[in-house]
Amino acid sequence: MIQRLLRITLALATALLAACPGPAPSEEPVFAPRILSIEAPSPVLLGSLLRVRGVDLDRLGPEPVLAALEGGSALFTLALAPGSGPSERLFRLSRAALDALSVGSNTLDVVLEGRGLTTDRFTLGLVVASDLPLELDEGLSGAVHRNDVIVLDGEGFIGASEGEIVLAIDGTFTRPGLAGAPVHARLPVALAELSDRTRGVVTLTTELGGPHPGELIGTATLERTLLGAEPSRTAAREVALSFGAPELFSFDGGDASVGRLVTVRGAGFLGGSERPSEATTIRLRGRFTPRDGEARDLDAELVPRFVSGAEVRVVIEPEVRDERVVARLFGAQRGVFEGSATPVAIAGRDEVVGATVPIRLALGAPVQVVSLRFLPGYYESLARFGLGAAEDEIALRIVRRMEEIYEGVNVDVRLEEPSDFDASVTTVIEIGGPDPNGNGLFGYDNSPGKDVSNLRMFDAIGGANAETQADGFPGFGGIFVESLLYFSSHPELPGAVPPSSPDGDPLFDAIFDPVRARPARRAELQGEGEPARLDAIERAIGAFASIVGETTAHELGHSLGLARPYGPITAFHREDDGDGCVMDAGRDRPLAERAAEPGAARSRFCDDEPAYLRSILAD
Numbered sequence: 060m061i062q063r064l065l066r067i068t069l070a071l072a073t074a075l076l077a078a079c080p081g082p083a084p085s086e087e088p089v090f091a092p093r094i095l096s097i098e099a100p101s102p103v104l105l106g107s108l109l110r111v112r113g114v115d116l117d118r119l120g121p122e123p124v125l126a127a128l129e130g131g132s133a134l135f136t137l138a139l140a141p142g143s144g145p146s147e148r149l150f151r152l153s154r155a156a157l158d159a160l161s162v163g164s165n166t167l168d169v170v171l172e173g174r175g176l177t178t179d180r181f182t183l184g185l186v187v188a189s190d191l192p193l194e195l196d197e198g199l200s201g202a203v204h205r206n207d208v209i210v211l212d213g214e215g216f217i218g219a220s221e222g223e224i225v226l227a228i229d230g231t232f233t234r235p236g237l238a239g240a241p242v243h244a245r246l247p248v249a250l251a252e253l254s255d256r257t258r259g260v261v262t263l264t265t266e267l268g269g270p271h272p273g274e275l276i277g278t279a280t281l282e283r284t285l286l287g288a289e290p291s292r293t294a295a296r297e298v299a300l301s302f303g304a305p306e307l308f309s310f311d312g313g314d315a316s317v318g319r320l321v322t323v324r325g326a327g328f329l330g331g332s333e334r335p336s337e338a339t340t341i342r343l344r345g346r347f348t349p350r351d352g353e354a355r356d357l358d359a360e361l362v363p364r365f366v367s368g369a370e371v372r373v374v375i376e377p378e379v380r381d382e383r384v385v386a387r388l389f390g391a392q393r394g395v396f397e398g399s400a401t402p403v404a405i406a407g408r409d410e411v412v413g414a415t416v417p418i419r420l421a422l423g424a425p426v427q428v429v430s431l432r433f434l435p436g437y438y439e440s441l442a443r444f445g446l447g448a449a450e451d452e453i454a455l456r457i458v459r460r461m462e463e464i465y466e467g468v469n470v471d472v473r474l475e476e477p478s479d480f481d482a483s484v485t486t487v488i489e490i491g492g493p494d495p496n497g498n499g500l501f502g503y504d505n506s507p508g509k510d511v512s513n514l515r516m517f518d519a520i521g522g523a524n525a526e527t528q529a530d531g532f533p534g535f536g537g538i539f540v541e542s543l544l545y546f547s548s549h550p551e552l553p554g555a556v557p558p559s560s561p562d563g564d565p566l567f568d569a570i571f572d573p574v575r576a577r578p579a580r581r582a583e584l585q586g587e588g589e590p591a592r593l594d595a596i597e598r599a600i601g602a603f604a605s606i607v608g609e610t611t612a613h614e615l616g617h618s619l620g621l622a623r624p625y626g627p628i629t630a631f632h633r634e635d636d637g638d639g640c641v642m643d644a645g646r647d648r649p650l651a652e653r654a655a656e657p658g659a660a661r662s663r664f665c666d667d668e669p670a671y672l673r674s675i676l677a678d
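Heads up: the sequence shown is residues 60 to 678, going by the working numbering.
Since the hints were derived computationally from the structure, they do not count as laboratory data.
Everything numeric in this text was worked out from a predicted model, so none of it was measured.
Among these hints, one or two may not hold up.
Pair ranges (Cβ atoms, derived) [what the hints assert, rightly or not]:
#1 E376 to A576: 47 to 57 Å
#2 G522 to A299: 32 to 42 Å
#3 R258 to T231: 23 to 33 Å
#4 P247 to P145: 21 to 31 Å
#5 A249 to D314: 32 to 42 Å
Beta carbons are placed, not taken as given, at the ideal position from N, Cα and C, and that holds for glycine.
Can you build the whole structure from these sequences, using the hints too?
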């Protein structure tokens with residue numbers, strides 16, 4: 060019964076976070092993607108990768124194509140290759156593409172296409188070859204560790220998409236006090252840089268005699284097979300390598316906290332998904348002193364996440380004890396560990412213990428990391444506001460607005476997936492366009508129930524939550540920017556206005572009509588234009604980012620256990636209307652406050668909310 064009442068209260072409360080749609084997008088795309096650069100090896104071969112960098116590439120959808128043009132038609136098209144990043148796309152040269160080109164220098168115009176959008180033409184120069192000379196300039200020598208990455212100089216290095224190239228090492232590995240053992244290893248070689256065929260990189264794995272310290276004497280040869288070609292190899296070069304035990308160089312634990320990934324740098328670390336029988340552990344011995352307790356001895360073994368032979372990351376795993384989130388390793392939320400750390404490299408049944416070093420790890424207050432995910436619908440709705448060209452600036456301002464509201468507590472808002480914190484302390488908030496629940500809400504926290512004390516630091520505000528939907532209430536969560544258009548006297552959205560939408564406010568049209576009627580252009584965002592026009596664009600950008608940032612901060616507040624954290628479990632908003640209070644119900648939050656208009660109350664947390672937030676997210 061209590062759970063059902065909670066659902067009802069949540070549904071009614073969030074329904075007050077009204078929404079407001081807007082005008083149809085301009086027929087001329089103001090946010091068309093652009094190619095900034097294309098990187099390719101020289102010469103290119105069958106299977107060579109082209110790295111295309113640009114802006115707004117996500118507009119092209121998940122499977123854009125790269126088209127080479129001849130006149131008004133496509134000479135050839137290339138499909139997307141694996142490994143693409145947020146602002147770059149990789150494309151692999153096909154046989155059809157090479158057949159359309161000639162051996163030697165080629166100049167062609169290319170475009171990216173997808174979702175009905177096409178970039179402007181980009182002029183690309185390619186040198187095409189059917190074969191490459193292969194050469195290894197010198198051998199390998201010196202003091203090294205397992206999984207060190209070595210740079211090889213020579214000619215004719217290739218990428219994995221162009222064929223196979225390995226460093227064949229033959230010789231003898233001798234451990235101190237033992238007889239030598241034969242080594243016959245073939246280590247994969249990768250391009251050091253996509254566009255440079257004179258340098259390759261190779262990792263000195265345990266294939267070279269196992270995990271132990273010792274001496275490797277022998278020869279090295281490059282062996283290569285291009286796609287569709289015969290194998291080739293270089294002359295042998297000398298190898299004289301001295302392998303050492305694993306070492307710890309630094310333990311970046313000065314600002315550790317629950318859920319943070321503490322970076323440990325060193326050499327000789329083993330592990331990785333490709334070598335499941337190998338691992339690295341770190342033995343800790345010393346004393347931990349909690350901030351509010353007595354010091355105690357600690358003897359533990361950590362299993363960090365493998366990054367490379369020179370880096371692993373220790374996760375300060377969270378655990379709930381006595382209604383608090385604490386570090387599982389230390390049984391406390393804050394404190395200081397002082398002692399020693401010893402690396403241990405493991406390969407199968409073999410263990411190699413490295414030197415012990417002193418360390419100090421300071422465990423600080425928890426940090427609530429917030430990862431914002433902008434959905435495709437968000438960008439489509441942004442165009443209805445006339446602000447499609449300003450997406451990057453708006454995203455930065457949304458983050459700034461949220462961090463201003465949460466000033467004084469450890470809320471860390473990110474636009475990209477965090478690499479320094481674990482998912483266990485990362486709340487994901489999706490920012491989309493229309494309200495998928497059909498209620499015209501600005502935002503909806505669909506995480507399961509009021510989380511007083513923020514014991515659940517991994518909420519997902521977005522997508523569909525089956526638990527929330529179980530009683531027939533809205534299950535789709537996130538931020539729904541298109542609903543803001545219902546503030547307008549002319550929302551220009553299809554369908555009837557949802558009953559939970561807000562009353563219109565003339566301020567909205569005063570702010571946004573200038574850009575809805577005439578969308579902001581890139582040149583204007585760079586300061587080109589009449590001062591009055593630029594002021595109008597700046598006002599609209601600032602207001603939109605402020606409204607979305609405050610709405611996102613409000614929904615995050617629900618996830619953190621607000622409002623009335625010490626009140627009823629079914630209380631999600633403040634009881635009365637306070638000036639600038641972020642956790643007021645939607646009807647009590649005027650547009651001027653949301654938009655941070657001059658003269659409006661400053662957005663803030665009220666009543667017992669600031670003290671509560673400091674208790675869970677501040678030193």
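Status of the hints after comparison with the structure:
At roughly 54 Å, the beta carbons of E376 and A576 sit within the given window of 47 to 57 Å. The hinted range of 32 to 42 Å is not satisfied by G522 and A299, whose Cβ atoms lie roughly 57 Å apart. Roughly 28 Å separates the CB atoms of R258 and T231, a value that falls within the hinted 23 to 33 Å. In this structure the supplied range 21 to 31 Å holds for P247 paired with P145, their Cβ-Cβ distance being about 27 Å.
Against the hinted window of 32 to 42 Å, the Cβ-Cβ separation of A249 and D314 comes to about 34 Å, which satisfies the hint.
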